[in-house]
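Now that you have both chains on their own, put them together as the hints suggest.
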Amino acid sequence: MNAADVIANEKLSDLKSVTAVGIDIGSRQAKAVLVNDRAVHTAITASGIDSQETADRLLARLLRLSGVDRSDLAFIVGTGYGRIALDYDDIRTEVVTEISCHAMGAHFLNAGTRTIIDIGGQDSKAIRVDPDNGRVREFVMNDKCAAGTGRFLEKIAELLDYRLDELGDRALEAEAAADISSQCVVFAESEVISLKVRGVQREAIAAGIHYASARRVRNLVRRVGLDPEIVFSGGVSNNKGMKRALEDVIGAPISATKLDTTYAGALGAAVIAQRFYEGSAL
Amino acid sequence: MASETIALRDDGLNLAELARLDTAKKARTGEGLESQLAYLAETRADHAYSPAVQKLFDLVLSYIEDAEANHRAGRQPAAWMCGGLWSPLYYACDTVPISINEVGRLGSSDAMTVAEDYFQLPKESCSMVGAVLGEFFLRADRTVKRLATYNMMCEPLNIAWELLRAEGVDVFRVEGANRPNTEDEAGRLRIIQDFIESELRDLAIWLHGRPVDETRLSVELLRYNRILAKMRRILHLRVENPLYIRSLATMYLLIGTGTYFGKPDAYEEVLDGLLEELERPDHIRPYPENLVRLVWSGGRGQEFGVYKTIDDSGGAVTAWHTPDEWTRGYREDLPPLQAYADYIITGRTMIGTPVRHLKRIEETIAPFQARGILFYGYVGCSFAGIHREIQSTHFQRLGIPTIALEGSFQVGPPSGQLLTRIRAFVEMLSR
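Sequence lines, in order, name chains A and B.
Start counting the first sequence at 1; every next residue gets the next number (our numbering).
Start counting the second sequence at 1; every next residue gets the next number (our numbering).
You can take every hint at face value.
Pairs of lysine to any residue residues, derived as SDA-like cross-links and limited to a Cα-Cα distance of at most 25 Å, are as follows: (1) Lys359(B) / Thr349(B); (2) Lys123(B) / Asp143(A); (3) Lys11(A) / Ser430(B).
Some but not every residue of chain A turned toward chain B, in silico, with C-beta under 8 Å: (4) Tyr81; (5) Ile99; (6) Val136; (7) Phe139; (8) Leu282.
Just so you know, these hints were derived from the structure itself, not from any lab.
Just so you know, even glycine gets a beta-carbon here, dropped at the ideal spot from N, CA and C.
Bound conformation, chain B alone (with noise of 0.2 Å):
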């Protein structure tokens, strides 16, 4: 195959030095993973105050390359990952997640190319499928072929893994349980726990041949707890100072907690130090007064314009409902595998009705001041555009304005309606 990948580069740049490059430079990339880096080294720069931010974006951007290459010397095992839900079990293995959705969001633009050409996914597939599976088949030579998976994703992931297992992944499947009901007898509930369990149980042996140390996984789970706990203390040091950390910063920042890209110690010294620097009183950074603050729900995407333009037409994210679930922790007292399995069933992001997710939202809104709610999913994914209608609505019907976005997980910036409809809806609540 002869387009260009990241690995294909012959001017010796990884990912982070990209992003460090003069945004008038040219990068010799493709145009698109060019655009991309380019969002990620404008709000480096954007932060150039915050050490702690220089040091997040140090870790975002030499994630995949530094796991692929340790687990190549034998340093350190990585496997690829869906889902942010099995980062303390990995750890608790001694194995680095590599989160596969990562590698779509710095994706090159060949990747659709490949999904529509190679996989014949259909052009109007979800792009996020086409964009993950294209970008995993490039690096395929180079990279680790393990991937466990979570059948509760989706339906279009989950073929895109099938077709991954045919070019040759060793891809585990965690099947799913969702919890129907919340009102489940209390026998009905443990047989779900149980099964998920056992899931776990196998997933561990997967990822390094034998059971997992329970003991170990505990003090992951306490580590995810309090990782969380510094998290959820930043995001409300925000609501006061909104754009210390800018919206796509603050993304990364959550995509952290599912994975803390690789490196945990160096990721809780990076929410450390954002709490050392949120926490100085002489550390506000200026902010109109009609500042919009605003829910972000559903995907995260990969239109890093997207949230650019939130910030520059005087909005800020400062609530979010995403994948990245920072709301609650495990429960301390419960034995962990049964602790993770009760996690995984009474989620209120990733799995369930969207009706399910309403509460999760209307919690966010007072505490983090917001005026509106943009929700935002996929081009290509029907069910979410459904579910985003049914969540707008409701929302709407008790006078919260919402606005209803649909991106593209491909590179490249957003379109131009994407960002009037943005930037219109922060003027539309600007007072």
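Okay, chain A solo, but in the shape it has when bound (with noise of 0.2 Å):
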């Protein structure tokens, strides 16, 4: 892809000329992409038990779709909770934690980012970004609960026989959304069940359950304090289902941008690597 087509115009300018590569190694997915001033490239992945291997495979793709040789890679800087596993011999490596790389992607990819809600597979995140250079001002993280994490959409796609790629556009359909009281996931789990047996559609439990975790999250943003403009990253952020809900739930709209979000952890890492290889700080 070229840059111009997925970064955020007033952010081209920022890119450097150098190749460097973000990889983002989360719970369910490992995401990876390569930037330079010219082109962005991305690859994902199923997260292996083995993260460096996951990354390895992952580098082999980027190095394949962008016809760049390893020896031009300059920098890569891990991110995600397998980040630390990351080391390569021949290319000089860092690593930043996701909070810090989904707020500088979401930075390249809309430059007016305020708010950003990640949902991943184990846990959410809000945080409210500096709209002049992407860095974090703020943010919390919900890891107590797994509600309406990727893992717990995944586990009631299948108490419903949805494929979890189709459980949000299922929840769309929903004429109205099923009634779930429960913020628990195990809870929940037996209320599907209970909502089942008592004749609820399939999509109306779906919807239900998208607009139980956005309450969930409704409550995270609200901590750092809601500012449009807002994105949606992580792995649920392709979910559209969740999007419809977190939307009606918060009462604003989350803006679009030009790469799947999924990447943004990944764009973040490989930008903040092109400055890590320039000396300069986060």
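Below is the structure:
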């Protein structure tokens, strides 16, 4: 992809000529982005048990897609829960948290980003971003409860006999969302089963689950302060049902970007990698 | 009980020897125990340039086992102690204090299992209470079965002491008398002081069968004040040399002010050695220009990876608001027992409302160049969780960034999410 096709116009001139890679090893999916001032390339795969092996696979794919020689890679920044395991003998590597990387990535996709809702495989986060530079101003994480996370939605999809990638679409087909009162994964699962037994439409249950999850995320967002423009990132950001539920519950639109925001963390990591190569701070 | 504990190791290694093992060589202990010791071993190795820090870790790692062994051999009486308030009195009564908090900190992964299965402690209980209770039980057959506690600590701990009492431990409770208001009238304050004094007299008799020698107690209070003065000097020197003593080592240095790790002279030699090292102009350890200096407020925990993560991600804890009160010593213008009582009821770290701690925390921010505050507490301690929120909100309103961390007292590395929070906080504050 041409950089100009995906990067916010205001940020294009901030990309460096040097080629850098960001690798975001999440709990369910691993994403990687190769960037320089001309092009952006992306790769995605399921996170394996061995983070290094997963990263190697992503890196090989990026090199193949971009035609860049490995020796021309200046710097790699690893992020996500598997970041600690990344190590390359021939390429300089640093680790940065996914919180900083999502902020920077969202900033480069939409320069006006002020709030990020990041829902990943095992936790959700609300991040307030400085629109001047893409740095984190404040953040809050929810890792105490799995409700609304990718892992939770996966489980619910299984209970409703949907594929995970169709759960959000089916939720949008519901005439009305079922009322899911429980905010706890374990009880929510029981509630879903009860609703099924009572003959409630699967689509309505799916919609109810998305709204229940969105209400939890709303509480996180309130904590850091809701400040449009909002970017929705993380593995769940592709779920249209969740996007709709979040917009309804929060009462503000989620900004569109030209690149799938699943890659926001990896893109931010790649941008930070360029800066590290040039000796700049985060 | 078939659980593996330090006592049941079959390779003849004690804690100190385990921590000196090459970290690449796996010690044959439970995975969790090995993990805490690995952090200590790494910290020790990181300080290879500092003879004083090496001596500090010698003290840390030999503390409990030496105190127990000396007691068993009849060389030096010892008794367990909860909280660091009683050390001067213990030493004045020729008794080595063994901090029961330390047994949890250096405990094994089996401790929580014991707490849950044997003592039936609910899983959602405070992890510190579970770790301490379980580990004490695991070493009960070879340790001193005497424990003095302060009832003001917290109710879950008080329950734990009763559970230990039921196991045959001789538990002495120092009844608490908090100073509820700072504007008390003198007569009321005197009543509270008199009560604490009488409790201390009883504690002395429990410790060694006779009243405390007040001249001896005065000497111990002076020693404590002298040690705190050195500690303060070290902490201030650290501001300009923040990585010379890394965060975990500094935490242990502070813990030592409460017990001297059973060896007062050796502990003071460590402080003297550190002062000598820090005051040499050529002893500045390089640190990044944008290093993020932080305040640590709350429990000290045993998740040593938290301290390592702070240092490794470009931070350093330079100011401390923990149970180790290093900001002030005992009054020297009062009789020793009265000075002791005054010290306890005017404390600013362990007792009283969270609001009472705010000023103490605030005082450390500017002198220690802190850019943010980490509020740390344990999973299962709901009261401390509310304290953290109150304190965190107060400082955020002042424009000082804070983060509330909830950690575990269980053995093993911290969760990835906890480390992510810490790293992200340091990244957020780095410029």
